[in-house]
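Q: First to last, the protein sequences are chains A and B. The first sequence maps to residues 1 to 202 in this note's numbering. The second sequence maps to residues 203 to 418 in this note's numbering.
Keep in mind that the hints were calculated from the coordinates and are not lab data. Think of the CB as a built atom: it goes at the ideal place given N, C-alpha and C, for glycine as much as any other residue.
Pulled from the structure, derived: some chain B residues nowhere near chain A, Cβ distances all over 12 Å:
1) 208
2) 211
3) 223
4) 226
5) 237
6) 240
7) 242
8) 248
9) 315
10) 324
Calculated cross-link-like contacts (lysine-lysine; reagent style DSSO-like; alpha-carbon spacing at most 30 Å):
11) A/129 - B/359
12) B/359 - A/56
13) A/64 - A/129
14) A/3 - A/64
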Amino acid sequence: MLKFLTIFTTLTVAAIIFIVPPVQGLGNLAKIIYFHIPTAWVSVIAFFCSAFFAAKFLKSQELKFDKLSAKSAKLGFIFVLLATISGAIFSKLTWGAYWNWDPRQTTIFVLILIYGAYLTLRSAVTDEKIRAKVSAVYSLLSVLTVPFLVFIIPRMYFSLHPEPILNQAGKLEMDTEILIILIAALVDTTIIFIYLLRQKAM
Amino acid sequence: MTEQIATIFWKDFLVGLRRKATFAAMMMFALTTMAALSLSMRGAVVENNFLAALLWIVIFFATSAGISGTFDDEQAAGTLSTLKIYAAPQAILFGKMLFTLASLIALTIFLLPTFLILFDCSAGNIFLLITTVLAGVIGFSAAGTLTAALTTSASVKGGLFPILLFPVTLPIFLPTISLTESAFNSETFSAELLIILLSFDAILLVASSILFDYLD
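Bound conformation, chain B alone:
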């Protein structure tokens, strides 16, 4: 099981390296939205609560652009059924999920500093910021991998992924924004919110794992 997960992760990683399109598109999407926001504000001073919301909107849509095709390449190449013969469904799910998480962490390593520089924002509590972002992308990758499996069979794909992902990840989205604001202001944060966030990460992980079995 662990071996299969690792193999699928490694396979996706190699394919990702060879065909850089998906990853490049996600990074450029993040950069484009940040540039669009920053340019249109023309140096206006923005409140921290607004900045926190902007940051998560950028992360959400860049995530959508990056991970919506998690299963699409294999579906198009006709190799998805072979993959299903090779590995247990749970191994496929968690292998893909780990790869998604790795790409999202790579995305935020690029996105977060760029955002802070472009919007002239000082991260007061850097430890809280990193924890929040990490907890946020864990939830996004858990729900996102299952959602990507759902949209693979859709004939019309344009825009479908974010529509499906948003309501499901709202319990992640709202607490992360509040926590990010606290991190920007370096004020005392609500531990309750962090617990809510982490428990929804766990709920989404378990639910994806249970529901994925019904998909083939």
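Here chain A stands alone, though its shape is the one from the complex:
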């Protein structure tokens, strides 16, 4: 598994460096977008993973689900920080400022707050069983904000953020070559997440 992952990652990174043409007017640094999109994607996946395992824990009361939920959140926290920082760098390149509370930036910042709150809560409760229950409940409570962040915030504030890859019109405005590499990067990062999630020591 690790061998495959190393080769796949190396190939993807090489493709991004050597095959993808530099973005017009932005240069090579703009290739950070190939890091930004996958990390942002995984931070959202990890959030739902954590909530999913929290729900499984509450149903079954088996502590292994609590461990998985906690691990997803820890990994998600790292990925969301990476996504935020890379996004801020890209934002400086294209919009001229690191931060301006664009709806997407608001959403990702709330995600940081939720992950941070969840992990703080975990560290504040000492009893293992109570900690599992309490953090599972909080994890599910925080999922309720998702419809607000996804559907309502973009309506309340004006956005400069590029359309997501799967935009509302349902068409892809990308070259095939770039699209393939981007999808490879997404798949690669998702496998890295799953690999880390299955590690015992964390």
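Starting from the known structure of chain A, fit chain B onto it as the hints suggest.
A: Coordinates of chain B only, in the frame set by chain A:
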């Protein structure tokens, strides 16, 4: 069920009257933050959108100071388990929630006029302002009661409550600020925002009720 809710509400009310510490701390917290803000501005003219944000920041943190200990006293006295034997979990939740709501309404009855006077702000559309504040504190008490139940078992409590409450109540927080601004300006407000606010109140109420059952 209704009887149990009423009894728990009444019990908390009597305990609150006898030991005024929590309530006094919440009021003084609100007064202190308002004084700190008003003093540091030294009479500068502030835009209404900024004032609306300030008002809700004060309400949010005063709420945190006031209701974070909703279950703590009983946990410390060791009577929480007795309470759980006496009443159904849902009755405990809604009894506590009603009491929280009552304290928050009392808080805003004091806070709102003081704020308007200190910041020399005229509430243009008073009806909208009251509706917004009421809808806001309903959401805060729904999410706050469940959050208070979560933090009760934490060993380190300092600052934990607002950290947990803020992301969860963001869907309440942002629309209320926009609506309050409209009320200050007495301009036409967005009915859509009011609907969003009320539906999140409902969502938080239902979710707290469902999730509370898993806590014991």
